[in-house]
Amino acid sequence: MDSSTPATPQTRNPKHAGSRANEDADKPDATPQRKSLSKRPAEFQVHGSYASRVPAVRDPKFHGSTESKQVPAYNNVPDRFELFVLGEDEKKIEYKAVTQIANAAEFTFNKEDHTLANLLRDKLFRMDQVQFVGYKVPHPLFATFELRIQTDGTISPKDVLYKASEELIRELATLDQEFTKEFELKKLAANVPNGGMEI
Amino acid sequence: MNGYEYSNGYGHDPYANGDTLDLSDDGPRVTIRTLAHNTIDFSIRNTSLALANSLRRAILAEIPTIAIDLVTITTNTSVLADEFIAHRLGLVPLSAKDVDKLQYSRDCDNCTDYCENCSVVLTLDVENRTSDEHIHVFAKDLFLSSQSGYRPHNTLHNSATTDDLPEMGTPICSDEDRNGPLICKLRKGQALKIKAVAKKGIAIEHAKWAPTAAVGFEYDPWNKLRHTQYWYEVDAKEEWPLPEKNGQMEAPPQEGEPFDYNAEPRAFYYNLESIGTMPTDAIFHNGIKVLQQKLASVMTVLKETSDPTQPNEFDNAARGGQSPDMNGMGTAYGGQSAYGGRSAYGGPVGGDIGGMTPGYGGQSAYGAGGMTPGAMPYGNRGY
Numbered sequence: 001m002d003s004s005t006p007a008t009p010q011t012r013n014p015k016h017a018g019s020r021a022n023e024d025a026d027k028p029d030a031t032p033q034r035k036s037l038s039k040r041p042a043e044f045q046v047h048g049s050y051a052s053r054v055p056a057v058r059d060p061k062f063h064g065s066t067e068s069k070q071v072p073a074y075n076n077v078p079d080r081f082e083l084f085v086l087g088e089d090e091k092k093i094e095y096k097a098v099t100q101i102a103n104a105a106e107f108t109f110n111k112e113d114h115t116l117a118n119l120l121r122d123k124l125f126r127m128d129q130v131q132f133v134g135y136k137v138p139h140p141l142f143a144t145f146e147l148r149i150q151t152d153g154t155i156s157p158k159d160v161l162y163k164a165s166e167e168l169i170r171e172l173a174t175l176d177q178e179f180t181k182e183f184e185l186k187k188l189a190a191n192v193p194n195g196g197m198e199i
Numbered sequence: 001m002n003g004y005e006y007s008n009g010y011g012h013d014p015y016a017n018g019d020t021l022d023l024s025d026d027g028p029r030v031t032i033r034t035l036a037h038n039t040i041d042f043s044i045r046n047t048s049l050a051l052a053n054s055l056r057r058a059i060l061a062e063i064p065t066i067a068i069d070l071v072t073i074t075t076n077t078s079v080l081a082d083e084f085i086a087h088r089l090g091l092v093p094l095s096a097k098d099v100d101k102l103q104y105s106r107d108c109d110n111c112t113d114y115c116e117n118c119s120v121v122l123t124l125d126v127e128n129r130t131s132d133e134h135i136h137v138f139a140k141d142l143f144l145s146s147q148s149g150y151r152p153h154n155t156l157h158n159s160a161t162t163d164d165l166p167e168m169g170t171p172i173c174s175d176e177d178r179n180g181p182l183i184c185k186l187r188k189g190q191a192l193k194i195k196a197v198a199k200k201g202i203a204i205e206h207a208k209w210a211p212t213a214a215v216g217f218e219y220d221p222w223n224k225l226r227h228t229q230y231w232y233e234v235d236a237k238e239e240w241p242l243p244e245k246n247g248q249m250e251a252p253p254q255e256g257e258p259f260d261y262n263a264e265p266r267a268f269y270y271n272l273e274s275i276g277t278m279p280t281d282a283i284f285h286n287g288i289k290v291l292q293q294k295l296a297s298v299m300t301v302l303k304e305t306s307d308p309t310q311p312n313e314f315d316n317a318a319r320g321g322q323s324p325d326m327n328g329m330g331t332a333y334g335g336q337s338a339y340g341g342r343s344a345y346g347g348p349v350g351g352d353i354g355g356m357t358p359g360y361g362g363q364s365a366y367g368a369g370g371m372t373p374g375a376m377p378y379g380n381r382g383y
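As you go down the protein sequences, you meet chains A and B in turn. For the first sequence, UniProt numbering begins at 1 and goes up steadily by one. For the second sequence, UniProt numbering begins at 1 and goes up steadily by one.
I should point out that these hints are in silico values taken from the structure, not numbers from a laboratory. Quick reminder that beta carbons are idealized off the backbone N, C-alpha and C, glycines included. Incorrect hints may have been included.
What the hints assert, rightly or not - Facing chain A, from chain B, some residues (calculated, C-beta under 7 Å):
hint	residue
1	ALA50
2	SER54
3	GLU205
4	ILE288
5	GLN292
6	LEU295
This is chain A alone, in the form it adopts within the complex (with noise of 0.2 Å):
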């Protein structure tokens, strides 16, 4: 498949390739207690190369390499990707009014972290309307985590947590052009010598 041949000088011609069983045979350093594979008795012999008698991907669900070695696996750790792909039945924002208290909600966010926790979080205890707000990760190791809002009834906690991911993407926005105006100014006096300045 691969006709042109690459710079490396010891790059294997994919028409050499082909089953290791007779190789052992050729070599003059072969350790002498060892058979070569081809005298071997009948039930020892190796027929086809290594990698066709072992499947390529190991199978998780067992242990052992070989179809008559293979052991059922338990394991329960949970993939690093769920921690941040939903799960099935699972919805991004849970909601739940709080009943004690009027104007106040808790939101339950799934796989979702401190990063935006925090910054949520922050968002709306700057805003005037907003009388409470916190926001734990109920426990380290589920991707999860309880934001509570409290309004003053002028807005619902539903519509005031909008707002601050509104007012948010706005910001990140105006901070991402800002960026960009000083990085292009910086690249400009970068390529030119002396900042561009005559000496």
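Knowing the structure of chain A, use the given hints to seat chain B on it.
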């Protein structure tokens, strides 16, 4: 091409940005101190500590990149174990050019395992046939299977300033000899032949997907806010070194200066270092984009439940059952797969629907499974 050093020891002139004085904007301000080929030393002013920190976290952990994720080993007669080599291959930096156009393998509709839309295939085929010296297998020996033998010329590019990255999936070789990381060494007669599939991912899942080497972060170098207390044996002032670089950007405290208890952190100093898989400024922009996407998904979920024109589960319960209605959901933001339907708090705008506890199984019947439409054990309202 080394960076332009901003060496004003008295601090930064806040009006030096751009030609216009944006005094009306009360937004964040950026000052870049140093621009090197893989490093940007900059500071952000006029934002909150929370935003600065969330940006740092997003840059470190959630920027999509591409790295080898699946290795099929045809031949390995080296001294290193299969999984050892596979682990090392995962850590080889691959060019992340246009990786936002690549699908996540788990989201790809085009295939079951992997395909062209969601992966890049690399091959490595090295055998030490005749040399008595050990052959070193470097990252440069990895070939994109799309290129059939042509090896891209890895030049020293100023990746902080220009986007002349090689094609997506090409190993990044930033050392002097353009070899890339050493994968393994082969004695005479040893061979290594593998096929590697590189996929899109983020550093939360595995550090191999991190685009940054490091992100330096500091605020309040003179500790005027008293956020920390210096450990000391006799005298903290004598035992701890002075903040050199960032200390120049802020005025050191005077001797008898009273503690300003209302002050908040306002200036944050970053030192962003890229591995070379994406330009350093692209890392910053992608970090911001990741945060914006998270916030946008929050807004999307909130918005659709407040919309009075959309049916909610209470209306449907009254009607007695309905078919699940996916209200145009399914946008995949970053690593998130589509989440179903609407949340449980779909109700009249501005009105709360009262105590709806998740425990009563009152989550939305839309696409989220769980409960059959119309099954409300305690009646329509959750009282």
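Against the structure, the hints come out as follows:
1. At about 3 Å, the closest approach between the beta carbon of B/ALA50 and any beta carbon in chain A falls short of 7 Å, and the interface hint on this residue holds.
2. This hint holds: B/SER54 has a C-beta 4 Å from the nearest C-beta of chain A, less than the 7 Å allowed.
3. The interface hint given for B/GLU205 is met, as the beta carbon of that residue sits about 4 Å from the closest beta carbon of chain A, less than 7 Å.
4. Of the supplied interface hints, the one on B/ILE288 holds, with its beta-carbon coming within about 5 Å of a beta-carbon of chain A, less than 7 Å.
5. Look at B/GLN292: its Cβ gets to within about 5 Å of chain A, closer than 7 Å, so that hint holds up.
6. Satisfaction of the interface hint for B/LEU295 is found here, the shortest Cβ-Cβ separation to chain A being roughly 4 Å, below the 7 Å cut-off.
Violation of the numbered hints given earlier is absent; every hint is satisfied by the structure.
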